[in-house]
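Chemist: Protein chains in written order, with this note's numbering: chain R, 1 to 210; chain S, 211 to 432.
Don't read these hints as lab results, they were simulated from the structure.
Mixed in with the good hints, there may be bad ones.
[Stated by the list, open to error] Each pair of labels, with its calculated beta carbon distance range:
hint: 1; chain 1: S; residue 1: Arg227; chain 2: R; residue 2: Asp174; range: 47 to 53 Å
hint: 2; chain 1: R; residue 1: Gly125; chain 2: S; residue 2: Pro382; range: 54 to 60 Å
hint: 3; chain 1: R; residue 1: Glu196; chain 2: S; residue 2: Leu371; range: 48 to 54 Å
hint: 4; chain 1: R; residue 1: Pro29; chain 2: S; residue 2: Gly223; range: 35 to 41 Å
hint: 5; chain 1: S; residue 1: Arg227; chain 2: R; residue 2: Arg197; range: 39 to 45 Å
hint: 6; chain 1: R; residue 1: Arg197; chain 2: S; residue 2: Ser364; range: 36 to 42 Å
hint: 7; chain 1: R; residue 1: Phe107; chain 2: S; residue 2: Glu301; range: 16 to 22 Å
hint: 8; chain 1: R; residue 1: Arg203; chain 2: S; residue 2: Phe238; range: 39 to 45 Å
[What the hints assert, rightly or not] Not everything, but these chain R residues come out facing chain S in the computed CB check (under 8 Å):
hint: 9; residue: Arg55
hint: 10; residue: Tyr81
hint: 11; residue: Ala83
hint: 12; residue: Gly87
hint: 13; residue: Leu88
hint: 14; residue: Ala91
hint: 15; residue: Ser93
hint: 16; residue: Phe101
hint: 17; residue: Leu104
Remember, it's a predicted structure, so these values are computed and weren't measured experimentally.
We treat Cβ as the ideally placed atom computed from N, Cα and C, and that holds for glycine.
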Amino acid sequence: MSSGLAIRALELRRGRRLLSRSLSFELAPGGFIELSGPNGSGKSTLLRVLSGLGRLEAGELLWDGRSFNCASDEHRSRTLYLAHTDGLKGALSGEENLHLFASLRQFRDRSEEIQEGLDYYEMTGLKSVPCLRLSQGQRRRIALSRLRAFPASLWLLDEPTTALDRGGIDRFADHLSDHLAAGGMAILATHQSLPERLKPAIRIALGRSS
Amino acid sequence: MNPWIQFFRSEVGLSWRERRRALLPLVFFVIVASLFPLAMSPRPLILKLIAPGVIWVDVMLATFLGLESLFRQDYEEGVLEQWILSPSSLELRVFLKVISFWTVTSLPLIVMSPILILWLSFPVRALGILLVGLFLGTVTLSFLGALGAALTVSLRQSGMLVAILLLPLATPILIFGAHSALLAADKQNPRPALYLLATLFFLTVGLVPKAISTALKVSYEV
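So here's chain R without its partners, still in its complex pose (with noise of 0.2 Å):
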């Protein structure tokens, strides 16, 4: 019995195409994966898979050492999913967005979260703007306050760093480092480098589509 998540022969496919047949890692708390690869390798559709949203083919997946399902409610919500799209509502502004997911992860008030997630991210003076007239960089910042507010031990984080800053990626370095610290697992994709100080656990390169 591992603690931490564990894959076994995952396949993936999306839509007809199978993109592995048989992928399988662990990944113990403190530690991160980043998945690299080529665009369509499956970076995305394995996180999406992972995250509950996309089906899954065939494989099993362990969390400490006991099988699970993730579907369920109990997954969802030890788990936070940051797609490439940053799902903000373009007409609420920051604040309201992330006051918005909170009503979606059934909490009450996070109020104070929320304020220190988007000062961590040095979005405070931003708050009341709309989103649709931020830019993408500060959208992002904003998706990534999210992190901040709302605790979850797995993090699946597809392109991270998009449009980010190098002030913005270096926050998020340090963001990153304090989550596994406290024994917190992610999961990346990306095709930027990270700053030298992240080393991931594992680099999973998914092959090429054929």
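For this one, chain R is given, so just place chain S on it according to the hints.
Modeler: Leaving out everything else, chain S in the frame of chain R:
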């Protein structure tokens, strides 16, 4: 605040911010209803006969017009993903979304309909039945329309497809609804038609949210 109440308020608030778009079905409703006396004959006898049918078809089209894009924006902004991944009931969330749509779009149609139907020489005494029927009917139509919107959320340009998909399903509502008003205007008993309408109402409200959430989940699985 309770998370569900907060969610509902935010949904209604969002529609209110985009009220110009919510106003379109209402304007459409008024224009279409006023076309009939122009196209047919302004004689009260004829108008009185066709009034319930005109109002009901009009309400149905106006409702579907607004519904087609119900989930579109949430889908494109990636918010729908977060709904599905939320550790709470998707059915209840869908239910609240449709109710908030109904409040902002269909309720104004119902409020407007007495004025329009009186223009069409409909007797005042049958207004009560018409309004009860419209209430039951618009809620049912909203849920059906939301199902169509959910099934086609990942398709572009789905407006006509949704209409073709839904209009046959909506005919029973139209038949019972329009006939209850017609019967009431003719001083006959409108209750059986209303009861049938109510049956459809309860069936739809009870079962369709489940179907909508399944449709939304499936749209992400492929």
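Chemist: So, for every hint listed, does it hold in this structure?
Modeler: Now the hints, each set against the structure:
no.: 1; hint: Arg227/S <-> Asp174/R: 47 to 53 Å; in the structure: violated (36 Å)
no.: 2; hint: Gly125/R <-> Pro382/S: 54 to 60 Å; in the structure: holds (55 Å)
no.: 3; hint: Glu196/R <-> Leu371/S: 48 to 54 Å; in the structure: holds (52 Å)
no.: 4; hint: Pro29/R <-> Gly223/S: 35 to 41 Å; in the structure: holds (40 Å)
no.: 5; hint: Arg227/S <-> Arg197/R: 39 to 45 Å; in the structure: holds (43 Å)
no.: 6; hint: Arg197/R <-> Ser364/S: 36 to 42 Å; in the structure: holds (40 Å)
no.: 7; hint: Phe107/R <-> Glu301/S: 16 to 22 Å; in the structure: holds (20 Å)
no.: 8; hint: Arg203/R <-> Phe238/S: 39 to 45 Å; in the structure: violated (56 Å)
no.: 9; hint: Arg55; in the structure: holds (4 Å)
no.: 10; hint: Tyr81; in the structure: holds (6 Å)
no.: 11; hint: Ala83; in the structure: holds (5 Å)
no.: 12; hint: Gly87; in the structure: holds (4 Å)
no.: 13; hint: Leu88; in the structure: holds (6 Å)
no.: 14; hint: Ala91; in the structure: holds (5 Å)
no.: 15; hint: Ser93; in the structure: violated (11 Å)
no.: 16; hint: Phe101; in the structure: holds (7 Å)
no.: 17; hint: Leu104; in the structure: holds (4 Å)
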